[in-house]
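Trainee: Chains as they are written, first to last, in my numbering: chain A, 1 to 232; chain B, 233 to 894; chain C, 895 to 1216.
Everything labelled a hint here was simulated from the structure, so no lab data went into it.
One or more of the hints may lead you astray.
Stated by the list, open to error - Computed Cβ-Cβ distance ranges for the label pairs, DEER-style:
no. : chain 1 : residue 1 : chain 2 : residue 2 : range
1   : A       : Ala85     : C       : Ser1163   : 39 to 45 Å
2   : B       : Val283    : A       : Leu97     : 36 to 42 Å
3   : C       : Ile1040   : A       : Gly145    : 54 to 60 Å
4   : C       : Gly1147   : B       : Ser319    : 45 to 51 Å
5   : B       : Leu575    : C       : Pro996    : 19 to 25 Å
6   : A       : Val138    : B       : Tyr877    : 19 to 25 Å
7   : C       : Arg1153   : B       : Ser319    : 37 to 43 Å
8   : B       : Ser319    : C       : Pro996    : 47 to 53 Å
9   : A       : Ala85     : B       : Arg881    : 56 to 62 Å
10  : B       : Ile874    : A       : Ala85     : 50 to 56 Å
11  : A       : Leu217    : B       : Asp764    : 35 to 41 Å
12  : C       : Thr925    : B       : Phe853    : 49 to 55 Å
13  : B       : Arg892    : A       : Val186    : 25 to 31 Å
What the hints assert, rightly or not - Cross-link-like lysine to aspartate or glutamate pairs, in silico, DMTMM-like; alpha carbons within 25 Å at most:
no. : chain 1 : residue 1 : chain 2 : residue 2
14  : A       : Lys200    : B       : Glu883
15  : B       : Lys420    : A       : Asp159
16  : A       : Lys200    : B       : Asp724
17  : A       : Lys194    : B       : Glu883
18  : B       : Lys420    : C       : Asp1103
Note that this is a predicted model, so its numbers are computed, not measured.
Ideal Cβ positions, reconstructed from N, Cα and C, are used throughout, including at glycine.
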Amino acid sequence: MTPSTGAHPIQSSASPAKAWRREREATPASIPAIRRGDALDVSMLPSYGFGTRSLMWWGTLAMSTIEGMGFVLMILVYFDMQSRARIWPNEAPPPDLLWGSVNMVLALLSIIPNLLANKAADDHDLRKVRIWLVVVLVVVFALMGVRWLEFHALHIRWDTSGYGSAVWVLLGLHTFNLVTNFADFVVVTAVMFKPPIDGKRYVDVAENTGYWWFIVLSWIPVYLVVYWAPRL
Amino acid sequence: MSRLLAALDPRELRKAARASVGRGEAIYDGPGWGSPAASALDRTWREKPGVRGWLETVDHKRTGKRFVFTSFVFFCAAGILAAIMRSQLAFPDSHLVGPDLYDQMFTMHGTTMMFIFAVPVMQGMAVYLIPLMVGTRNTAFPRMTACAFWLYLLGSLSLWVGFALNTGADAGWFAYVPLAGPEYGIGKRSDLWNNLINLTEAMGLMVAVDLATVILKMRAPGMSLRRMPVFAWSILVTSVMIIFAMPSVMLAANLAQFDRTFATHFFNPAEGGDVLIWQHLFWFFGHPEVYFIFIPALGFISTIIPTFARRPLFGHTAVVLSMIATGFLAFGLWVHHMFATNLPELGKGFFTAMSMMIAIPTAVQIFCWIATLWSGRINLRAPILFVLGFFFILVLGGMTGIMIGAVPFDLQVHDSYFIVAHLHYVLLGGAVFPLFAAFYYWFPKFTGRLLDERLGRWQFWTFFVGFNVTFFPMHLLGLAGMPRRIYTYAADTGWGTLNLVATIGAAIIAVSVLLFVVNVIRTRAGGEAAGDDPWGAATLEWATHSPPPAFNFVALPVVASREPLWAREADEPTHVSGLSAQVREGLVTTVLDALPDVRYAYPSPSIWPAVAAVTVVVWLFWSNVTPSGMWYGLIPPAIAFILWYWPTRRETAEQLLLQRRP
Amino acid sequence: MTGGLHDVEAPAGAQAQAIAQLWHVLLPVCTIVFVAVLVAVFVALRRAPRATRETAPDVSSLSQPEPALARAVWAGVIVCAVLLLGLLAASVFTDRALARLPLEDALHIRLTGYQWWWEAQYDDPAPSRIFTTANELHVPVGRPVIVTLVGADVIHSFWVPSLHGKKDLIPGRPQTISFRADRPGVYRGTCAEYCGYQHAHMVLYVIADTPNDFAYWAARQRAPAAKPASALAQQGAELFLQKSCAMCHAIDGTGAQGRNAPNLTHVASRMTIGAGTLANSVTNRAAWILDPQQFKPGANMPSQNMAPDELAAINAYLGTLQ
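Extracted from the complex, chain A is given alone in its bound form (with noise of 0.2 Å):
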């Protein structure tokens, strides 16, 4: 190999090498590729990378755009059967609000253990990435059983009406990525706890807190349509 022509990036007089020394201050902690004669060594490139820089942070944006798109329609599937109901709901009270609420404050508290795992994880702190992956793990647990909860306040069933099978299947929908991603929880830290570890485990935790935010903010709008809607 032809020795280095120096740390220079791709060298060109179009674009490109202006736009690199962009990206390179932008992280200046990554090594450049190395132009070296015909060639662009890239050895010196990490090997993993957190955000955006992580191939797995685009595919978990698309899954949770595309779950997205499903509580957006479901919304529009409940408010158009509502639009079209002279009572809503007329086959039963509305939800009790205590546990759905109880559910929204635990899920926003949740973010604090979620956000110190995603920092831990961001500096390789295998220690505290242990302690706050557990204590994310009870936190969701907890939500969990405060679900249990809130559907045996919603007062009616999903084969009674309409309005029954909407407010079952938007809860159900929000519990599904629930208890998904309390299983990704469990695999994620038991993999923390079973040495040895490589970096690329903590992009995974890093990611996992990362789509914990989508589960909370989600049940904003899901706990406004089956708690508050009703109540308009």
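Given the coordinates of chain A, work out where chains B and C should sit on it, guided by the hints.
Mentor: Below, chains B and C without anything else, positioned relative to chain A:
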């Protein structure tokens, strides 16, 4: 940031890792097909022989070919159904096929063509071509795409096995409730249909996520968005559309299935449900779906025309912007399938305007293609013939599309044979003609052999003539009042002659498809060798062998122009080096400028995607049989997905070997 | 089975007329554009020199703009946009013309779609003047008709091409369509939304009568069923009640009050049986009663196990129900 990696000594870990991977000195990739790096790449990327390797494969080229082959088989099967239906309709009061079978047949035909053929074949072509075209070694999530294939295969087979057992879906490819609901949709027919939707849409979403990620994050260094091939743009637009549209039909199919399994009332007007919800959810997906099929085809055309006009595409930017515009506008059209359901006046005006506006971006592209041909030097080969056929048929279909965008006229021809004619002109003209062009164009890349040119010309002309003889008369039948989806008609309606003509045309189409199959088989047996680049094309897939090795490129290319094989800027690096040849390693680049950013260890082959697909299918069918299957059936997929994710000792060792912290 | 007009291009009503006019704008404009595009492709092919795969690609366009081509493409796009705006305007004006049919003194009909037949109830302020018929509408020429569309089971669609475009009969969402027949004649309509096995045999005839003929027809329809005149018909009337017929069919003025199938009070006055499946002749009626599944498989009417003399009696009775 400064904390240690782990409690264990990292040097120890590396040593252990090297021992586990079991090689001495590290080998990095680089140019030269015969080099030690190339043979190391070959060892690393070669897959296990035998059934196990066949099930475990994560090679995007194998998965892509499976999609294309499987969907083509189903295309032929659905085509045979079409031929039988045409035979039934050739004469009035025919008794060849009864109503029950006929209803299953047209439902199977539409469902298969839309869900099992058109979307998967386009995605399959993209799964094969995109990593090659953007210059990388595999897709971002090849296990997910492999799993998607198994879901698709099992779902499609289950629908067809059901049909063979007289349990074929029979509520139309649009499965309107209440006809497909618990009260009027008898037996398990509509359950099978709902399962198919769940499985094929899950497939579509998984592949779309994978393709969008490859296109955004794994392009060869230097392939900025400005330099990205039009086909990659078309697949990016399509994938993003799929991500926004497919959840709609999945939700609809699940709500319908809940109505059937759990006695919910989403579509039961007697209990507060609304049958029109189904139509809104279905068409919010269903109209964009036409564009999932059409936009990749536009990408084919924009790739093929420059190669055979020996010049870059005229108006590259305009073409890309047009595709993006089409992607947006496609979401504003769904209601034009529902003009007869009574809409507010304002809505009608809006949807008419949208339906007409979407013609403009297509017009821009057609004019850019004509300009490219006009100013080029033309190599008139089979692929370009199909492109010319596309011009005739798609433009005619587009014209009838504009007509039915006008609400008052649509009220007349909606659900008549005019629409049957229109949709076949658009879908066969807009997707199948370009697809055949793409088959002729890329077949040498897939197999290393060129399809026979003379047979290709015969196939083109039979297809073109047969197509028009079949479908042009249907416009007239629609105007003469013939509704769709009728299994027979009386002689005094006067529809007999045109129907007979259409049936003769269908026979010609059958001959044409047969010619294609013969051409493929003959070529496989011993066609003309293609070489790496038989057409003198500009895009990166032609920069490697035909067929490409498992690792695609001995060295990832560096791109310095929009037409990387035609024009280079001097003093640019030509390739990437420094990726491991002993581990499946690739390169992640930045979204806008495609600057090298992170190295990426591709997932290794795994049996779990196939197992997970089987468990998911079992879960779906279990939940059809008994509601509790909905819950217990979730356990096997959960286990399969966990095992899929669970890092093996070897994977961890490889990671540690290559590890460099960000 | 007995013809009738069904042609978008041969309108017999105000609204089909307006739509046909729109078609006569759409067709030439679209044809011209289609031909122009094909001519451009053809000329491009003729004028471009031939090449082979070895021909060096001309990449000059990567660095040099091509203003002449750009102008041509722009011109084409602008022409298309202008034409589309024109068509949009034509469409909007036609839509308004459809919505502005004068509806004074309209005839009101409530049309219910069943799998696979139509029930029509002619409304009237006086309840005694309301009557029900099936699979055949008579309307007076020149007088607007407002049809309320009701889907009883699945979605159907009302489409009489010579009179108007279609509108769906949606369970839980009744809606109306109005039209006016301007020429006397028989107009064949059909269910246009796929509704199950016998979607093909769900025909609805609209017969536009002169006002006098219509008044005469309506007066006859309002009357209860004719008393059987012959002994054979009398026997048939009794058999109709004894056999399973009356469980589904109604004959006003008799004990037969089933509501699951077409009202047969004036069945002999109709042109067809089985919603357009067979012409309404004596032999066809007999064959239909014995085995409707032979002509309309999947229909709700079961085959009848009936002695020939019983069949003859019932058939004779039905023949008297003018």
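Trainee: Regarding Ile874 (chain B) and Ala85 (chain A), is the given constraint of 50 to 56 Å on their beta-carbon distance met?
Mentor: With Cβ atoms ~43 Å apart, the hint is violated.
Trainee: Does the Cβ-Cβ separation between Ala85 (chain A) and Arg881 (chain B) fall within 56 to 62 Å?
Mentor: holds, 59 Å
Trainee: Can you let me know if the beta-carbon spacing of Ser319 (chain B) and Pro996 (chain C) is within 47 to 53 Å?
Mentor: holds, 49 Å
Trainee: Between the beta carbons of Leu217 (chain A) and Asp764 (chain B), is the distance compatible with 35 to 41 Å?
Mentor: violated, 50 Å
Trainee: Does the hinted range 36 to 42 Å hold for Val283 (chain B) and Leu97 (chain A) at CB?
Mentor: violated, 57 Å
Trainee: Holds or violated: the 49 to 55 Å window for the beta-carbon distance between Thr925 (chain C) and Phe853 (chain B)?
Mentor: holds, 51 Å
Trainee: Lying within 19 to 25 Å: is that true of the beta-carbon distance Val138 (chain A) to Tyr877 (chain B)?
Mentor: Check passed, 22 Å falls within 19 to 25 Å.
Trainee: Between Lys420 (chain B) and Asp1103 (chain C), does the CA-CA distance stay at or below 25 Å?
Mentor: violated, 48 Å
Trainee: Check the hint pairing Lys194 (chain A) with Glu883 (chain B) against an upper bound of 25 Å on the C-alpha distance.
Mentor: Judged against 25 Å, a Cα distance of about 13 Å means the pair holds.
Trainee: 39 to 45 Å was suggested as the range; check whether the CB atoms of Ala85 (chain A) and Ser1163 (chain C) agree with it.
Mentor: holds, 43 Å
Trainee: Tell me if the beta carbons of Arg1153 (chain C) and Ser319 (chain B) are separated by a distance inside 37 to 43 Å.
Mentor: holds, 40 Å
Trainee: With respect to the beta-carbon atoms only, verify the hint that Ile1040 (chain C) and Gly145 (chain A) lie 54 to 60 Å apart.
Mentor: Holds, since Ile1040 (chain C) and Gly145 (chain A) (Cβ atoms, about 58 Å apart) stay within the stated range.
The earlier numbered hints that this structure contradicts are 2, 10, 11, 16 and 18.
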